[in-house]
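Trainee: Chain by chain, the residues run as shown.
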Amino acid sequence: MVFKKNVEDLTVIRNLRLNQRHFLLELQSEQPFSLLLPGQFVQALVKDSPSTFLRRPFSIHSVDIPNKRFRLLIQIKGQGTRHLSLLKEGDKLNLIYPLGNSFSIPTTKDVLLVGGGCGVAPLLFLAQFLNQQKIRPVILLGFRSQEETFEIEEYSKYGTVFITTDDGTAGEKGLVVDHSLLQKEKLDFRKIYCCGPDAMMKSIARIARWHKIDCEVSLENTMACGFGVCLCCITPTDKGNERVCMEGPVFNTKRLKW
Amino acid sequence: MVFKKNVEDLTVIRNLRLNQRHFLLELQSEQPFSLLLPGQFVQALVKDSPSTFLRRPFSIHSVDIPNKRFRLLIQIKGQGTRHLSLLKEGDKLNLIYPLGNSFSIPTTKDVLLVGGGCGVAPLLFLAQFLNQQKIRPVILLGFRSQEETFEIEEYSKYGTVFITTDDGTAGEKGLVVDHSLLQKEKLDFRKIYCCGPDAMMKSIARIARWHKIDCEVSLENTMACGFGVCLCCITPTDKGNERVCMEGPVFNTKRLKW
Amino acid sequence: MMRDLSVDIAGLTFRNPVTTASGTFGYGEEFLDFLDPGQLGAIFVKAVTAKNRDGNAYPRMAETTGGMLNSVGLQNKGVDHFCREIYPKVKKFDTYIIVNVSGSTVEEYVEVAEQINELEKVPAIELNISCPNVKLGGMAFGTVPAMATEVTAAVRKVYKKVLMVKLSPNVTHITDIAKAVVEGGADVITLINTLLGMAIDAERRRPVLSTITGGLSGPAIKPVALRMVWQVHKAVAVPVIGLGGIMNATDAIEFILAGASAIQVGTANFIDPQASIKIVEGIREYLERHKIASIKELVGALRTE
Amino acid sequence: MMRDLSVDIAGLTFRNPVTTASGTFGYGEEFLDFLDPGQLGAIFVKAVTAKNRDGNAYPRMAETTGGMLNSVGLQNKGVDHFCREIYPKVKKFDTYIIVNVSGSTVEEYVEVAEQINELEKVPAIELNISCPNVKLGGMAFGTVPAMATEVTAAVRKVYKKVLMVKLSPNVTHITDIAKAVVEGGADVITLINTLLGMAIDAERRRPVLSTITGGLSGPAIKPVALRMVWQVHKAVAVPVIGLGGIMNATDAIEFILAGASAIQVGTANFIDPQASIKIVEGIREYLERHKIASIKELVGALRTE
Ligand SMILES: Cc1cc2nc3c(=O)[nH]c(=O)nc-3n(C[C@H](O)[C@H](O)[C@H](O)COP(=O)(O)OP(=O)(O)OC[C@H]3O[C@@H](n4cnc5c(N)ncnc54)[C@H](O)[C@@H]3O)c2cc1C
Ligand SMILES: Cc1cc2nc3c(=O)[nH]c(=O)nc-3n(C[C@H](O)[C@H](O)[C@H](O)COP(=O)(O)OP(=O)(O)OC[C@H]3O[C@@H](n4cnc5c(N)ncnc54)[C@H](O)[C@@H]3O)c2cc1C
Ligand SMILES: Cc1cc2nc3c(=O)[nH]c(=O)nc-3n(C[C@H](O)[C@H](O)[C@H](O)COP(=O)(O)O)c2cc1C
Ligand SMILES: Cc1cc2nc3c(=O)[nH]c(=O)nc-3n(C[C@H](O)[C@H](O)[C@H](O)COP(=O)(O)O)c2cc1C
Ligand code: FES
Ligand code: FES
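Protein chains in written order, with our numbering: chain A, 160 to 417; chain B, 160 to 417; chain C, 169 to 473; chain D, 169 to 473.
Honestly, the hints are just simulated from the structure, not real lab data.
It is possible that some hints are incorrect.
[Unchecked claim] Simulated restraints, written as ranges between beta carbons of each label pair:
no. : chain 1 : residue 1 : chain 2 : residue 2 : range
1   : C       : Ile460    : A       : Asp326    : 22 to 32 Å
2   : D       : Thr343    : C       : Asp344    : 13 to 23 Å
3   : B       : Lys227    : A       : Lys251    : 50 to 60 Å
4   : D       : His249    : A       : Asp223    : 56 to 66 Å
5   : D       : Lys328    : A       : Gln187    : 22 to 32 Å
6   : B       : Ser244    : A       : Leu245    : 35 to 45 Å
7   : A       : Asp223    : B       : Arg180    : 20 to 30 Å
8   : B       : Lys247    : D       : His249    : 54 to 64 Å
The structure presented is a predicted model; accordingly, all values stated were derived computationally and were not measured.
Yeah, the Cβ is synthetic: ideal placement off N, Cα and C, and Gly gets one too.
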């Protein structure tokens, strides 16, 4: 895949607060995108935040190619994300993008997407993309509570959505790995794409391995550059230490030392 | 003089742009002021400016004691003042105040105030204060150009105002020290208060000495604390190295090693 | 549940681990409008030397990214003045007053320490061995182990109370210096003093400081300070007091985890004169949140397995 | 008027004084989307060692105030791989390619230098002597003058082109190390490498880095770097290449005034991959504004009278 990485000031055209901890940034580019693929991410420059020295990585959440727009789904964690949550319509946000590899195109139609926390972010773009390949995935999303669920209708456009909440206020109670969908003796999926906290991804990977289902995960990692030069973001794979920002963020779990 | 220093979040009730480089901040306090005196200053915390680590000192420009308000007149110099220039109505500004000594109460009515650049800032408060002592000073102010003059009417309420501009577009052309007021063989003043760039204050001090007029200047200085503990802001005086933020910022020029 | 914030420093019981760094807290008086010194574990007052010192010429300060340089140069009115004018005022504070002792020769350190030894309400001194040794042509006591031992031992002979020694970070092996001062008789080690740095005004093509170089402090140096506290805590048996860029309670906890029995708040005092008492409060909240009974449990409790 | 940005570094003419720091610019390729290497004075590529190294375990990075810690640990595929796979690509760049050479023993440095000596388009190496010496139990070559001389001299014997040596700032007397490498035959001195620091996650009570300590870089260290460049420039006759926290053209000018004949852009590349070319532009504007014909006039031109 050949595409050019850009450093660009995008314009915030919407900052939608989804709930206390999550918001959506819709960004307008001036120039047509080079290829954008699901699983890829951006490195955002947080201005005027004294405790945020480095850029912050965020997955591309959904795209609107004709209008040269895409969205980020961001969870407020620390100072950097808090600053970004204050961006207003018309403000500029400097991004390096697109970065990283992408989820692979499946060779089957029996696809499951599993996301938890802000790990749901890349899955909407992935679902959009799968629809273009005539695939309607099953989408299993985990939230803390009813209050924290968001964009269910959005995901539902592209697949069949199931949810879990920690407190049972919506969908099944418990963690995504405990959802009844995954408890059957034989699972109906031939491919799982997963993104979320490490522990969750490891559990899903275990289930996938047990059922001999191919599984790809999008890893989080502390990054300094995001484009392959600092070697800070490595993960051990069958090829040694690989860079999550270049060889990843998406890895087939077969290749990881999990 | 005993007064208590406060650390307080004041509310910006007005941010008035005077011209390209100057703005006025009007600030509302929650609590009644302890004594505020002309020549005193505040230390302002500049939030969200990564290159502004320390607080920034500004003179109290004018006060409205009954309404618990005062104003700062600020010239945009670097990142810190640029950030402050973006403050909006309702924003909070954390200040330590009041700091420093003050201009002394004159024993004469023949008083001249001389200010240049952002050095005009403390002179409005001083003029207000002198009026309360039934003194109407002569006020000589230096600006770059007509465009950059501001608040002339404001000063005129409290004294007779003369101005100079570097380019002659308003008042007399030239520097304040060259103003005809100061060129006479015998000057009518018994006390001069001066604030502005070092070179200007030194020239005024020389003129004052020549005419045997008592002269007080408000010194600028790089400050780390502003309340006397870091010893960074010293100036050599007849008593050794004194702190501009505590023993000053106002000094009688007799005491300085100029 | 009550959380116990007190710490033991060589026999002194600080009511909490939060103290203020020498040179950033004046003689405490300047802070009376902002806080009650009785809420702090101790206060370390500005360096005292044998004779009056004017310090360096102006400018003495330069702002840097996340920090500042200073070249104050030990300006103070000398030990006699301290005992006569300052001590009567500071001794009234309801906290430990610890005097930072500086000098240019071993004899000067000894002379000052002897006089401070007489002050009943001063339970400890902090020897600042980052000062130049004038006899040896400006080399600092704090950079050569043998000299560090020598000056500590000489003071130890005349000083009968708790002897703290404050180390300079501008060395290759901080643990060598730490061991050297323990050998000389130090009861406590304080670190770090400022890193030697420099600032330039590119437009004027001049150094910003009159002395060209100066001491770097503030959060910029915190990683170096934490590292040295960790190294020294592992290398010596005496308590360590940690400082360098502490701005908030989280920073303070980090130093304690690295091995500091108490911490000092320095440059942060300039930005928020109430930083130290806010840090006390923040430490209490941390203990609460983590259900830890005593701050002592956290000293050096970094999990490295 | 045309402003002359070129500088002479031990016989090499850099088209401008702006280069990129080893370990922050990969092998240049990763930057081709962002800039044309031909606009830079030189590029310093990632450390090369004799054999493949996996580097340290994750996590390798911690953000700090105005900087970052890293503990990458010389991850690279070894010198054979460099010569075979990387060199054919980077040699096409229209700028000097300088290889950062690392090792754990004198023999390893020599081995790598010998092989790099054969690469026609590599006019210089930069010996990174901040690495631990495994034989001597982890002590760094860059902290003991005699060892610094030894490793430099050993490489000097086999390496026929321009020999640069990059110094560690974690020493008491940087000028002693600088003189030692000049004695060993260094043509150029680069400084500074990272300061040794540490970061702690207070909530988890753990070090952030897998290696506990790591190297501090970014604007936080600029004052220390400037000071060392100034000291070394005055102490030795060879050209100095300065770095440490350079984020913009003003920073670069400061290093040049302090005595650097060229500068390296390091951590800034992560925040703005175009930082280096913007710095070239900014230097040109500075010369314009100050009506200076050649950047060479500014090298060490700090006014201290
Ligand atoms: C490839 C990639 C894609 C990502 N996509 C998204 C996304 O689409 N939406 C989203 O909300 N977040 C995403 N993240 C995580 C996001 O980058 C971090 O939450 C963000 O950087 C936190 O910045 P902060 O300044 O708010 O928090 P900080 O103050 O930096 O940190 C707050 C807390 O979060 C932890 N933390 C910080 N950065 C990371 C990280 N990279 N990985 C794990 N823990 C971290 C810190 O240790 C700390 O405990 C992604 C991360 C990666 C590597
Ligand atoms: C007691 C006192 C009262 C003051 N009152 C006012 C006032 O009423 N209105 C006003 O506009 N300004 C006043 N100043 C000056 C003001 O504090 C500085 O202009 C301001 O701190 C600059 O901050 P900055 O971050 O914008 O600029 P920086 O980025 O810090 O500096 C920009 C440029 O200004 C120079 N500079 C910065 N601070 C000072 C300083 N303290 N003295 C001299 N040069 C400096 C720097 O060297 C640099 O060249 C006062 C200063 C003092 C000490
Ligand atoms: C303005 C200033 C003056 C200082 N004076 C002294 C001093 O007299 N004696 C001393 O031991 N340390 C002195 N220091 C060093 C501090 O006590 C402290 O070691 C250093 O600033 C690092 O801590 P910080 O980053 O929290 O400020 C001074 C520091 C500053 C900023
Ligand atoms: C992630 C990272 C990797 C580095 N790798 C190397 C290296 O391989 N060899 C080397 O000599 N220096 C290495 N350095 C040090 C830099 O080249 C530079 O000396 C240091 O970061 C200070 O400059 P800066 O503050 O501009 O980044 C590395 C620095 C970073 C941040
Ligand atoms: S973040 Fe720098 S290599 Fe991945
Ligand atoms: S600014 Fe600290 S003593 Fe004046």
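Trainee: Now tell me if each hint is right for this structure.
Mentor: These are the hints, each one checked on the structure:
Between Ile460 (chain C) and Asp326 (chain A) the Cβ separation comes to about 28 Å, which falls inside the hinted range of 22 to 32 Å. Taken as a hint, the range 13 to 23 Å holds for the pair Thr343 (chain D) and Asp344 (chain C), whose Cβ atoms sit roughly 20 Å apart. Our hint of 50 to 60 Å for Lys227 (chain B) and Lys251 (chain A) is violated, since their Cβ atoms are close to 38 Å apart. Taken as a hint, the range 56 to 66 Å is violated for the pair His249 (chain D) and Asp223 (chain A), whose Cβ atoms sit roughly 43 Å apart.
Taking the beta carbon of each, Lys328 (chain D) and Gln187 (chain A) are about 56 Å apart, not inside 22 to 32 Å as hinted. Range check, Ser244 (chain B) to Leu245 (chain A): Cβ separation about 18 Å, and the 35 to 45 Å hint is violated. For the pair Asp223 (chain A) and Arg180 (chain B), the beta carbons lie near 42 Å from each other, so the given range of 20 to 30 Å is not met. Against the hinted window of 54 to 64 Å, the Cβ-Cβ separation of Lys247 (chain B) and His249 (chain D) comes to about 57 Å, which satisfies the hint.
Hint violations for this structure: numbers 3, 4, 5, 6 and 7, all remaining hints satisfied.
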